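Add chains B and C to chain A, keeping to what the hints say.
First to last, the protein sequences are chains A, B and C. Heads up: the first sequence runs through residues 1 to 315, numbered per the working numbering. Heads up: the second sequence runs through residues 316 to 943, numbered per the working numbering. Heads up: the third sequence runs through residues 944 to 1468, numbered per the working numbering.
Derived from the structure by calculation, the hints contain no laboratory data. Any given hint might turn out to be false.
[Said to hold, decoys possible] Going by beta-carbon spacing under 7 Å, a handful of chain C positions derived as facing chain B:
#, residue
1, Asn1183
2, Pro1201
3, Thr1203
4, Asp1256
5, Thr1324
6, Ala1328
If you're wondering where the values come from, they're calculated on a predicted model, not measured in any experiment. Beta carbons are placed, not taken as given, at the ideal position from N, Cα and C, and that holds for glycine.
Okay, here's what each chain looks like letter by letter:
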Amino acid sequence: MGGYIIKRLISAIPVLLGITIIVFLIMSLIPGDPATAILGSYATPENVAKINRDLGLDKPMVQRYFIWLFNMVQGDFGRSYSLNRPVIDEVLERFTATLVLAGTSFVLCSILGILAGVVSAARQYGWADKAITFTVLIGISVPSFFLGMMMILLFAVNLKWLPVSGMYAIYGGGDLWDLAKHLVMPALALSAVATGVIARLARSAMLEVLRLDYIRTARAKGLPERRVIMGHALRAAMVSIIPVLGIQAGFVLSGSVYIEIVFQWPGAGRMLVDAILSRDLLLVQGGVVFIAACYVLFNILVDVAQSLLDPRIKT
Amino acid sequence: MHFLTLLFRNQLAALGAVVLGAILVAVLLTPVLPLQDPNATATPDRFLSPFAEGHLLGTDHLGRDLLSRLLHGTLLSLGVGVAAALIAGIIGSAIGIVAGYVGGRTDNIIMRGVDMLMAFPYILLALAIVAALGPGLLNALIAVAAVNIPFFARNIRGVTVGLAGREFIDAARLSGMSHTRIILTELLPNVLPVIIIAMSTTVGWMILETAGLSFLGLGSQPPQADLGSMLGEARSALITYPHVSVIPGLMIFLIVMSVNLLGDGLRDALDPRLRSGALSRPRAITLVEREDEVPAATDDLLAIQDLQTQFHVGDRIYRAVGGVSLAVRPGECLGLIGESGSGKSVTALSVMGLVSSPPGVITGGAVRFQGTDLIGARYEALRRMRGDRVAYIFQDPLSTLHPLYRVGDQLAEAIRSHHKVGHKEARERAVQLFEDVRIPNAKSRIDNYPHEMSGGMRQRVGIAMALANDPDVIIADEPTTALDVTVQAQILSLLNDLRRDRGLAILFITHDFGVVAQLCDRIAVMYAGRIVEEGPTTAVLERPAHPYTKRLIACVPELGGGRRELAAITGLPPVVNDLPPGCAFAPRCDKVRADCKHGEIALAGPGARAVRCLYPEADLQKGEETTA
Amino acid sequence: MTFSDWTRRGLLGAGALALGALSLPLSATAQTPPNVLIVGQIAEPKSLDPAAVTAVNDFRILVNMYEGLTRYKSGTLEPEPALATEWDISEDGTEYTFHLREGVTFHDGTPFDAEAVKFNFDRMLKEDHPYHDTGPFPLSFFFGAVEGTEAVDDMTVKFTLNAPYAPFLSNLAYPTGLMVSPEAIKTHGKEVGRNPVGTGPFKFVEWKSNERVVVDRFDSYWGDTAKAEAVVFRPITDANTRVAEMLAGGIDLMVEVPPTSLIQFAGDQYALHEQAGPHVWFLILNAKEGPFADKTLRQAANYAINKEAIVNDVLEGTATVAAGPTPPAFAWAYNEDLDPYPYDPEKAKALIAEAGAEGAELTFYVTEGGSGMLDPVPMGTAIQADLEAVGFDVAIETYEWNTFLGEVNPGLEGKADMAEMAWMTNDPDTLPYLGLRSDAWPDKGGFNSGYYSNPKVDELLKAARTATDQDERAKLYREMQQIVHDEAPWVFVANWKQNAVTNDRVENFDLQPSFFLHLKDVVKN
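Here chain A stands alone, though its shape is the one from the complex (with noise of 0.2 Å):
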């Protein structure tokens, strides 16, 4: 297993690199220089040829490429302008709320999903079976952003049972109940596309795997019905469930942009739009290679995970 791990990693290496390529490009190619950006209106050719100048931007990019990505490998991410501060300190601040509110969004996703895709199957063309259908299909169809201001319009303005926006109270608050309250309806609202996506793709693997010759082994047994749902047949569904759950992680994390900005949630995802509209190369750069580092990472979990829950995978 330590060197399945090992190797994985050293296979994620390439992977990063072409990352650390695509995302320098694209920062290249966009038009709108950081200059620009900065000075806004007075952008004046003498004022942005100056600005570039004291950014190192008037080096040739192939060099500057490698300056990047050398003082990159030795933990040195650059400043961003836009915020002037380290990008590094701003990732990791910045990361940490992400991490929290798309965390709790997939743990919750894939609970809800899970758990819903299961009683889903169970109950086939039941009662339940059509009302979490239907759910569903109302989580992945409505916008994540309308969803949440919607949610705020309710629960905050109206019943005013819940904090409009930010991670924990101006004031006083700041411990792990604050966070909860602050939490609850931006992690809902990230997770309902995610949840719906879990549930159907649970429902049919579940109905894909109990009608399979050892579900009926189970049953011959005399395994309660519970055990047989949640243990034998769950346990084989999550075969096919875990690689799309390490997908929707990724989804989760992109959507989560939206939601920290219909959330005033000082995550990662808000930062980086903010980024790329004003052009601040370097906290893009480092923002998404930390942020696909992260999933790279996760993804190198959810295989390892599937490897000890399947033992027929050759690790």
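Chains B and C in isolation, oriented as in the chain A frame:
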């Protein structure tokens, strides 16, 4: 037409089709409907509520007619969604198929590239593409399509890899077909359903994504209306004038929902397994719809009385078991024999309500264990007896053992679901059972997974599992069919020993007379869901009375019999949803006479023997006298 | 127990739990504490180093922590003494000598003196200054005329300019001229933007990325200390969310209320504040080529667009119709005699017919957002509809703000006939000087993207810039406005009235024409 019937059998899919159809009709009629100019502004009339005069759905922030914009916008959004899904689907699938088919280094390089794109947060990728290409719905379409290509590629590649290793592809290769032709004529048709389903779900997703880009300020060019930008533009007035955003929001919901429902329906209709209804979830217990009176109790250990089990698929009814009666006593082994499809396995599974339902339904008769009717029993009562009093051994131990649990755990679980014992104790008992069924190194074997064992060992695990709770009856459904001859002999002798040592009653199901002869006291021959002959093993083997039995026996190669001609039975067993009157075997019988094809032929005979034939091969009366 | 029992029980349990959780007294909308003012900002600040920032959003925080040598007199855009108590200007207008206020200390305890002033300007303007690398300083050209800064004595500082430059005093009051503690710059280097130290009524406490910037009352302030104990600036980017927070009581003061949400704050528990500022929203017309090379058609465009409808309907009255290139907020320089072009589509049609330009095709650059751009997409859409109505054929191209600037600033030649634009300035000189002179064509480093050229205007602007007498300057600007109005190089659309909403616990709040947010005297109950 058949396809459509299938599609609409699913009510939800029909709902989706109706909603989508209504939307499409409205959209296609848009040019001829008396609508206002979708771009005509009238700022003093902004934010009119729905049902305002002249504006059925009200107006937006510039006083433009919402109904008109909605219909024009829907047309555009659907177009964009379909186009983006097509682009992403075609390019992504092409990449996926090539990678999956070619394999090796090419596959590796392509998939690394796909990994890269997938690790790149897709919204940022789309954002960057739109920023790089410039503004416009077309560029948004390209961006949304581009970010979806990797998902198609990965998905389709997985399916292709699974297919590329299959026999029909090898066959195509050997027949000298070119790679392009194999991909187009062999692979593509098989992958197509997956592609279509993925595309149908993507259409909705694309519309949502363009709405998302519009939310980030990168949508279509005003004043053009598409659902995404309508929602995006209305968002700034969401709190004060929610209807302006709710209306396009609702339309997006309707489209995405109906597309998804329809996509599900398509999948069901395209998938051959789903088409047969096989993907229905089997219930924990077979459905029972008995109308006739339940036969009275007997004092047999296990008695199957006039059992009738049917499969209801669509409008068709398959009478898999058409009134079967059997009984076993303690220590007795009864062989149930017949070709595949004769209903013997269904009979066996009906005993404990294990026939998959849907489509299985038990429509008549009874199964009595020590006099108690199991067919009418409540689930919990039946569950308590399953594996405890009546246990099963199934045919293919690779598919009947759970691949993800250690065999010892599967065994321990069988014990623990009927007895309150600790993990440790259950494990010890499992080791003991492994030894009982003569698995060498029982202590270490117990931690194996099924795929780590040989077929014979796995079947021993299956037997050990059946024995776990010391049952009174074991129903063995072709337990040796998948094994080679030496292992088969070992298993049979094991079963035989167990029967003698423990006084087990065995209902042994097989298609092989050779096996029956070694183990069973009595046999019953099944054909087309009914018993056609029964009697003591030697009597039946020596003097079969039914032509079918005789022909079956003739099929068995005799050890040392040299190159005797195996007399295969010509023709196929009848389909049980359309049985002919009279003898079901008549169409294949070479001794058939006119009256064989009329009326009900009874199972009759003296003493232990009986046959369902008007003109039996042997005189049973005489036979009984000699053997008695 | 069968599975169905089990799921049913599970669902019931989950439902009960959810109901239970919801019925708990969550008290989510805890009252914000008294004496702490919570301000809803439109975005996260870029930096709290005044030399490094350009956005009004950042200025709103900065002016509470820092002060400059001058400041704008309350309710006007005229400079008055701040950290400098008085100043002398040499006859030729090239030497400014400032006498500094006694007894002023920075929040870190270091004294404010002439050396500190020199340090700040040298850091920004001299490339060989040891702390010049703490930049970049994007707006340093505001002081481009400064040749040298000299500490005459402890409390006297002298600026030498390379030429007379009338807006200098006003620029000193602009955030770019705010004074940062030299010690803080030496200690924190580039990080001074995250560790701001000034002399203002509030001192910095903490900045949590995208959550809040907290400032406390500075008790050793040289003047009257602030009324509130602390101010929290919360960035809430999404306008709907900002409105929702205001409605739910999560913030006490919100700036830039979206026009369509104003109606939400009509109740007694809210107060709406409005203040016209030095803002003008206009369309740059390409005077070099295409239809708008013809003055008649430029005027036609001005007549064709229903500006009343835009400011009253699209912007819900949050702006007034602009008459010329100079916003009325520069009261002393504004030409009261100018009337906006009336909405007269018939006249526009007549002018178009006169020029024979019926059906002329126009490309119109519209931005998705941007500083001071208000609601650029709906406004652009309304404008497009108006122009179509008089017979132009207008195609909109929208760009996200930075791409937009990248397209517009280098000039519209060969690309477009018109583009949206908005400016907020601190002096009547800035916009026309950078945007209307012949020498400000894009290839010469200015922002005259429409290539308007009139020697008389060039002359007037040059004279106004070097004149030191305000009345003299005012006369020159008024003449310039009249010419520009008639020649219509732009379509003058709107002057924004900045707005803000406070709840009933906030007293003494006023908006300033500078669009800054001075919170020293604001009381929070």
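Consistency of the hints with the structure:
{"no.": "1", "hint": "Asn1183", "result": "holds (5 Å)"}
{"no.": "2", "hint": "Pro1201", "result": "holds (5 Å)"}
{"no.": "3", "hint": "Thr1203", "result": "holds (4 Å)"}
{"no.": "4", "hint": "Asp1256", "result": "holds (3 Å)"}
{"no.": "5", "hint": "Thr1324", "result": "holds (4 Å)"}
{"no.": "6", "hint": "Ala1328", "result": "holds (4 Å)"}
Violation of the numbered hints given earlier is absent; every hint is satisfied by the structure.
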